[in-house]
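*Asks:* Starting from the structure of chain B, add chain E where the hints point.
For the protein sequence lines, the chains are B and E, in the order given.
Using the working numbering, the letters of the first sequence correspond one by one to residues 1 to 581.
Using the working numbering, the letters of the second sequence correspond one by one to residues 1 to 107.
No lab work stands behind these hints: they were computed from the structure.
Computed from a predicted model, the values in this text were never measured in an experiment.
You may find that some hints are simply not true.
[To be verified] As a list, the in silico EDC-like pairs of lysine to aspartate or glutamate whose alpha-carbon atoms are at most 16 Å apart:
#1 E:Lys39 with E:Glu94
#2 B:Lys543 with B:Glu553
#3 E:Lys39 with E:Glu19
#4 B:Lys218 with B:Asp24
#5 E:Lys84 with E:Asp101
#6 E:Lys84 with B:Glu106
#7 E:Lys84 with B:Glu112
#8 E:Lys59 with B:Asp130
#9 E:Lys84 with B:Glu109
#10 E:Lys84 with E:Glu53
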Amino acid sequence: MKNKLDLLATPGLSKSRTGITGLDEITGGGLPTGRPTLVCGSAGCGKTMLAVEFLVRGAVEFGEPGVFMMFEENAAELTANVRSLGFDLDKLVKQKKVLLDHVHIERSEIEETGEYDLEGLFIRLGHAIDSIGAKRVVLDTVEALFAGLPNHAILRAELRRLFRWLKDRGMTAIITGEKGDGNAITRYGLEEYVADCVVTLDHRVHEQISTRRLRVLKYRGSAHGTNEYPFLIGERGISVLPITSLRLDHAAPAERLSTGIARLDQMLGGQGVFRGSSVLVSGSPGTGKSSLGATFADAACRRGERALLFAYEESSAQIVRNMRSIGIDLAQWVKKGLLQIHASRPTLQGLEQHLVALHDTVQAFRPAVVVVDPISNLTLEHSETEVMPTLMRLIDFLKQQQITSLFTSLTTGGSGTRAPEDSQVGVSSLMDTWLLLRNVEFNGERNRLIYVLKSRGMAHSNQVREFVLSDAGIDLVDVYLGADRVLTGTARVAQAAHERSAAELRREDHERKLRQLASKRKVIEAQIAALNAEGEAEEAEVKFAIAQETLQEKTTQQNSADMAHLRGGSKASNGQPKGKR
Amino acid sequence: MNTMTETKTETKTETKNYELRLYVAGQTAKSLAAFANLKRICETHLAGQYRIEIIDLMKTPQLAAGDQILALPTLVRRLPEPIKKIIGDLSNEERVLVGLDVQPVKE
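Chain B on its own, in the form it takes in the complex:
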């Protein structure tokens, strides 16, 4: 009861998940429940595989048993064919989750006389459905009947009845059909009867690389992705590569991650890149892109997070060895299970296949950081219009999983007309942070420079730094600005030495001045002392003169008094004689 209400509550059609990676995203939840879906395409494009996977996943993952009615292959052939995808039909048949029925019709054995209908097919199918309680039905390829039965008028009428009947029984069905000539969707016009949902498959070879594509041509009553999506038939069945690109609604965590290079983190607003963001490192050959990528992965492992490294140029052993030369020991992380290195040649398979492989690995390993080194190799044989959507899908997928990704890319421009950054303009718009590594040739040597071209959502440095690889890892060094250019390498060292000696000179000059001042002060102090001494001497002299004079005066007074006394002067005698009297 509750389920029923839930079903009613969901807007639009109720849908049955196919379990096929990507297809459910494109169709917004799966194929229409209780209705037939037409899957058509030319020979060998994967119709049967898609139908089998729909049935097997339905039986195994969604508890919906299914009937596979085949008109071309027999049960043993089909079972053998899909075993390579990891589907064990024998087992499912034994468990009564899947029922295989091979409808064989041989024109030479059949004579037609008078009226007939295809009730036998209905009875067979009905019996098959009832015996396992099927919810899903596949008819592969019902068009074979057109070759077996001469009376197409009856056949068409009966097919129309069959699809109606499937609908009435509430079967979610896949009807496969061969692609017709020209613009016809199917050779016998099955789309006329199965009109609810039409999926076309296609197999194209472009520049010697084959790509399978899937398109939902029509989905009555539901929104769906209308683009052509590349798909693959891999070890785990079909993967359609959409995969999340229909929406742009991934979360944006504010958490920051270190790039493993402290100075680079500083350039990126002081804290590194955002978790779940994408970083593009582009540069000409030998600028240290791979080393930067390895450092990034190493930093993640140091934090105890998982890192996944996809290498398209070197083998994993070679990477481990080479990174050891700059002091990064990747082997320890591999041993601890924190790091996985997947090395393969980009020419091994098409871009889509690589991306699906990438997908599968990411989903199995669940890393926090993914490094792809380099993406430019993957995109060699493809035009940018092809590469963009596929990469977008990959990046969106990683962002949805909140996996921080770092892609290195080899720049092809740089010679004359094109600036090196121009060659990546298309891809870069998908990236949140773009670092450019550049070789600068000056003064008879090549040196590496690093720029932060962009970094969304943070105040990033506009400065150019020199990128130095040493046996202690990567470091960034301030460059020296010369008269009209930045100085790097030995020129930077020379400039530094020059500045150092200039400073030394200045310091010595200061000391000399201080010393001079000190001695001058001493001279002045000596002079002051001398003057003081002179003053004291003069004072003493003056005092002496005064004393002399006082003494003289006293003596003179004494003398005159004596004389007056002797002369008996009145003036003086007034007092003294009285006293004496």
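*Replies:* Positioned in the frame of chain B, the structure of chain E alone reads:
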């Protein structure tokens, strides 16, 4: 083994070596017509040499797969081999005879 003995007897007496099966679904007009037509044709051209088994798939649907039945009604010539199938209500006597590979008895 069965066919061996049948082929041996074929040269001597041609009795009952047509083993026919008529698949139908219920008592529809078509199935009744087919049965009536078959009965008539056999009586006329194969008198005493045939055996007809009627299989109603409404009752025994599991039997449909064994003889690869799609269309109804279907007449299956089980013996003599090879297996032959005739679909339809058997209204065209000539074609039924061609289908069964039977020489018509001239009257």
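*Asks:* Hint by hint, which ones does this structure get wrong, listed from lowest number up?
*Replies:* Of the numbered hints given earlier, the structure breaks none, since each of them holds.
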